[in-house]
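Sequences and hints are given; from them, build the entire structure.
Oh and the sequence shown: position 159 is 159 in the numbering used here, straight run, nothing missing.
There may be inaccurate statements among the hints.
[To be verified] Mimicking SDA-like on lysine to any residue, the simulated pairs with C-alpha atoms at most 20 angstroms apart in a straight line are:
| # | residue 1 | residue 2 |
| --- | --- | --- |
| 1 | 404 | 121 |
| 2 | 74 | 165 |
| 3 | 316 | 19 |
| 4 | 74 | 93 |
| 5 | 74 | 14 |
| 6 | 191 | 405 |
| 7 | 74 | 85 |
| 8 | 185 | 162 |
| 9 | 264 | 121 |
| 10 | 264 | 46 |
| 11 | 404 | 388 |
| 12 | 185 | 166 |
| 13 | 191 | 395 |
| 14 | 185 | 114 |
| 15 | 404 | 167 |
| 16 | 404 | 185 |
| 17 | 264 | 48 |
| 18 | 191 | 404 |
| 19 | 264 | 274 |
| 20 | 264 | 281 |
It should be emphasised that the hints constitute simulated quantities derived from the structure, not laboratory data. What you are looking at is a predicted structure, and each value in this text was computed from that prediction instead of being measured.
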Amino acid sequence: MRILLLIIQYPPDSNPTGRLMAQVAAGLRAHGHHVAVISAFPHYERFQIEPAYRGRLFARDGDTTRLWVFASGKKGRMLHRLASYLSFNALATLAGLLRRPAYDVILAPNGSFFTGIAAALIGVAHGCPFVYNVQDLYPEVPVSAGQLTNPYAIAGLARLEGLMYRAAAHVSVIAPSFHANLLAKGVPASKLALIPNFVDTAFIRPLPRHNAFSQAHALDAHFVVSYAGNLGYVYDLHSVLEAAALLAPHPDILFLIVGDGVSKPELEQRARALGLTNVRFLPFQPLEQLPQMRATADIQLSPHRPGTTGYSLPSKLYEVMASARPLLVSADADSDVARLVASAGCGLSLPPGDPARLADAILALRADPAQRAAMGAAGRRYAEQHLSPQVVIDQYHDLLTNVKRRA
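What follows is the structure in structure tokens.
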């Protein structure tokens, strides 16, 4: 079977969905399928095309076609992001139409607002169906994060998503709440598949707390409370900084914030304004550093803004669990995030937006290394049993095979 993977960010870009879909592609190839990829030039970290790719419209690397994308370096501006999504999908549609031979099925994660439109157009031209892979719910994610407030834009994006759901031969979602959300929007149950994301438990694994990453960044003497991932609107890192201020009298506790994103300048400015010497920022780390970076933390955080956890289930949670470190989340009580932590027994879930409770929880876990170890072991066990790549990739194989058979 010839499969086209249409995705805006793909390795060497550092986007988690891109890394996950690269493993899906590798697994599908292991099943004997041919997988072609259409993606953008790497640009995720700083919303700028990486220097090695500048000055070109496209590049071919084996079965992967990479395309120019509008990336101004101003990711925080919604119009710039929309221009980025439009530029990629316009060129991706053209590349998909021109590429030969034809595909049997298209897999299109919704990493940009318009991926389903591009997939539908390519599918019509090649006479093949497409599967719409919903990693985030739109328009809910930008609305809940405060990025999208214009009622006409919200309504337009909702209609656009509805159009893509109808055009897709099948829609795969990553969490139970997503499944319920799309049912409520009128997507038939027969058209939906629940396929969770996964984590490479052979790559991200329990490692010593003191390691080369810890030593290189002078972290061995600290109790490290870490957040690693996108510094975007849906994450309540301001509450993390407020908790750090409350814990300033405990000089051994260090907050490590790793990543980049639209909120980073504001967060750094806020940390300076609070005079926080117990907070350290690092940029996105190379992929090969990820296992040791995760292992360096004594506690790992996933702080969400109120009302945002019903619309996304970050893959970073699975990475934390695979690393056998306790997870401390702030999330709505009825969310998939909170339910995951409870069912796995891998950490604590707190109400969002409460720095005092976050600080108290950190102190309680710092005082109880046995509990931290038990939570970490439970998370690792859950990841091995339920989130292995092979189980999930087999589900993608079965779904795409069935969609192609019914076409």
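Taking the hints in turn, this is what the structure says about them:
1. 404 x 121: 17 angstroms, holds
2. 74 x 165: Status violated; Cα separation ~30 angstroms.
3. 316 x 19: 12 angstroms, holds
4. 74 x 93: Given pair residue 74, residue 93 is violated - Cα atoms ~25 angstroms apart, limit 20 angstroms.
5. 74 x 14: Satisfied, since the Cα-Cα distance of roughly 18 angstroms is no more than 20 angstroms.
6. 191 x 405: 15 angstroms, holds
7. 74 x 85: Distance ~14 angstroms between residue 74 and residue 85 Cα, so the pair holds.
8. 185 x 162: Measuring from Cα to Cα gives roughly 8 angstroms; hence the hint holds.
9. 264 x 121: It is violated: about 37 angstroms lies between the C-alpha atoms, which goes past 20 angstroms.
10. 264 x 46: Holds, at about 11 angstroms.
11. 404 x 388: 25 angstroms, violated
12. 185 x 166: 11 angstroms, holds
13. 191 x 395: 15 angstroms, holds
14. 185 x 114: 19 angstroms, holds
15. 404 x 167: Answer holds: residue 404 to residue 167 is near 15 angstroms, not above 20 angstroms.
16. 404 x 185: Violated, at about 25 angstroms.
17. 264 x 48: Roughly 16 angstroms between the alpha carbons, so the hint for residue 264 and residue 48 holds.
18. 191 x 404: 14 angstroms, holds
19. 264 x 274: Roughly 15 angstroms separates the two Cα atoms, so the pair holds.
20. 264 x 281: 9 angstroms, holds
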